[in-house]
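In short: position in the sequence shown from 1, add 24, done, that's this note's numbering.
Honestly, the hints are just simulated from the structure, not real lab data. Please note that a few of the clues may not be correct.
Heads up, simulated DSSO-like pairs for lysine-lysine below, C-alpha to C-alpha not over 30 angstroms straight-line [stated by the list, open to error]:
no.	residue 1	residue 2
1	Lys110	Lys137
2	Lys170	Lys137
3	Lys110	Lys124
4	Lys256	Lys76
5	Lys366	Lys34
6	Lys34	Lys245
7	Lys245	Lys110
8	Lys170	Lys278
9	Lys258	Lys386
10	Lys34	Lys386
11	Lys167	Lys258
12	Lys124	Lys386
13	Lys34	Lys167
Label-pair restraints from in silico Cβ distances [stated by the list, open to error]:
no.	residue 1	residue 2	range
14	Met194	Phe343	31 to 37 angstroms
15	Leu383	Thr243	29 to 35 angstroms
16	Ser196	His153	19 to 25 angstroms
17	Lys170	Arg122	31 to 37 angstroms
18	Arg121	Ala56	38 to 44 angstroms
Ideal Cβ positions, reconstructed from N, Cα and C, are used throughout, including at glycine.
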Amino acid sequence: MNICFYAPFKPLTHPDPSGDQTIGRDLYAYLARKGHRVWTAGTLRCRWIYWKPWQFSRILLEGLGALRRVRRNGPDVWLTYHTYYKAPDLLGPAICRRTKVPYVIFQGVYSTKRRRRVRTWPGFVLNTHALRTAEKVFTNKRKDLKNLKRIVPADRLTYVSPGVDTGAFMFSERERAVLRGAWGVGEDPVVLSAAMFRAGMKSEGIALVIRACGRLARTGKRFHLVIAGDGKMKHDLVRLADEVLPGRVRFVGKVSRAGMPSFYSAGDLFAFPGIRESLGMVYLEAQSCGLPVVAFSNEGTPEVIRHRQTGILAPAYDFDSFETGIEVLLDSPDLSRHMGRKARAYVLSVHDLETNYALVEKELREIVDGG
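Produce the complete structure using the sequences and hints provided.
Right, dumping it as structure tokens:
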């Protein structure tokens, strides 16, 4: 198939990584790996763009450029990744209507409460138009599937369980030995955490992990905390670590996606609360590498973590329970290893990218052949 791909929320080449971008890149790479010609319509980022009148001329220019590329390349289908009220797809519906190219959305999101607020109403209207225009809407969240059923007919909706490359994200004894040696942790348990250190929920989540580990350390427990990530809040997080967990926290900086399997292999458990986390790809990656995880049970985390089987889900914003989850796994290495094995098996059976995205490929093919 000849597939025109567009990501209105964040271009695949954007320098700031995120779980949403990771999903988009994985989907793009999967389709290309299967022999399809996949190319991008453009790089227009639509996040809150409807409140940025100085960007309106760029919308027109980017739209005309995308239209020219579509006419020149003759795609079989247009695939938009992640449209919602903050970043509605402003290009796909209009261009596909003009060129008669089938319009498909992966990770469409719908929320009626956005129509009741002045700030979000324009995005709600634009996103609703895109969703109603699509011949097919894929979603990787059960909550979104329920909401989408309000405006998208059932035969145009497909749930696809979130997936991770289980061949790339797997445990390596060699990498474990190398990194643990470099970190100087000996045989002590290692708690891992990872996020971008940007202001808001991500850095707040890392701070919560540091504080929880600090309290556990004061009870006499031996362990190390190793954190991957970087960003403008790093100084504040390092200062907090020096205050509450001196000498026991190692910041390893931003780790490439290719380097994350080695990072996970060196740990004994992964902890990150996931404050208002829409899904949390790090949880799938960690579990795929055989780590049990500790997180809040909110938003999308229950869709990727099995409570008391592959990890521990604390009630949302229950900081004491989150800390207890870490403590339980530190105190019970046999339980931790057992959960880690179940985590790997769970991801292989439910969240294998190759298996799950084969459904997307199949339904795209049906749309193209049907057209």
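For each hint, the structure was consulted:
Only pairs whose Cα atoms come within 30 angstroms are accepted, and Lys110 paired with Lys137 is accepted, the gap being roughly 13 angstroms. About 14 angstroms separates the Cα atoms of Lys170 and Lys137, which keeps this hinted pair within 30 angstroms; it holds. Distance check on the hinted pair: Lys110 and Lys124 sit about 27 angstroms apart at the alpha-carbon level, within 30 angstroms; holds. Under the criterion of a C-alpha separation no larger than 30 angstroms, the hint pairing Lys256 with Lys76 is consistent with the structure, at around 25 angstroms.
Proximity of Lys366 to Lys34 is assessed by CA-CA distance (about 34 angstroms); at most 30 angstroms being required, the pair is judged violated. About 42 angstroms separates the Cα atoms of Lys34 and Lys245, which puts this hinted pair outside 30 angstroms; it is violated. Between Lys245 and Lys110, the direct Cα distance comes to roughly 44 angstroms. Violation of the 30 angstroms bound is thereby established for this hinted pair. Between Lys170 and Lys278 the CA atoms are separated by roughly 36 angstroms; this puts the pair beyond 30 angstroms, and the hint is violated.
For a cut-off of 30 angstroms, the pair hint linking Lys258 to Lys386 is broken: about 44 angstroms separates their Cα positions. Restraint check for Lys34 and Lys386: satisfied, since their Cα atoms lie roughly 26 angstroms apart, inside the 30 angstroms limit. Among the hinted pairs, Lys167 with Lys258 is inconsistent with the structure: their alpha-carbon atoms are about 33 angstroms apart, more than 30 angstroms. A hinted pair counts as satisfied when its Cα atoms are at most 30 angstroms apart, and Lys124 with Lys386 qualifies at roughly 21 angstroms.
Only pairs whose Cα atoms come within 30 angstroms are accepted, and Lys34 paired with Lys167 is accepted, the gap being roughly 22 angstroms. Between Met194 and Phe343 the C-beta distance comes to about 32 angstroms, which sits within the given range of 31 to 37 angstroms. Under the hint 29 to 35 angstroms, the C-beta atoms of Leu383 and Thr243, about 47 angstroms apart, miss the expected range. For the pair Ser196 and His153, the supplied restraint of 19 to 25 angstroms is violated, since their beta-carbon distance comes to about 47 angstroms.
Restraint check, Lys170 to Arg122: a C-beta distance of roughly 33 angstroms satisfies the suggested window 31 to 37 angstroms. Between Arg121 and Ala56 the beta carbon distance is about 26 angstroms. The supplied range of 38 to 44 angstroms is therefore violated.
In this structure, the earlier hints numbered 5, 6, 7, 8, 9, 11, 15, 16, 18 are contradicted, and the remaining ones agree with it.
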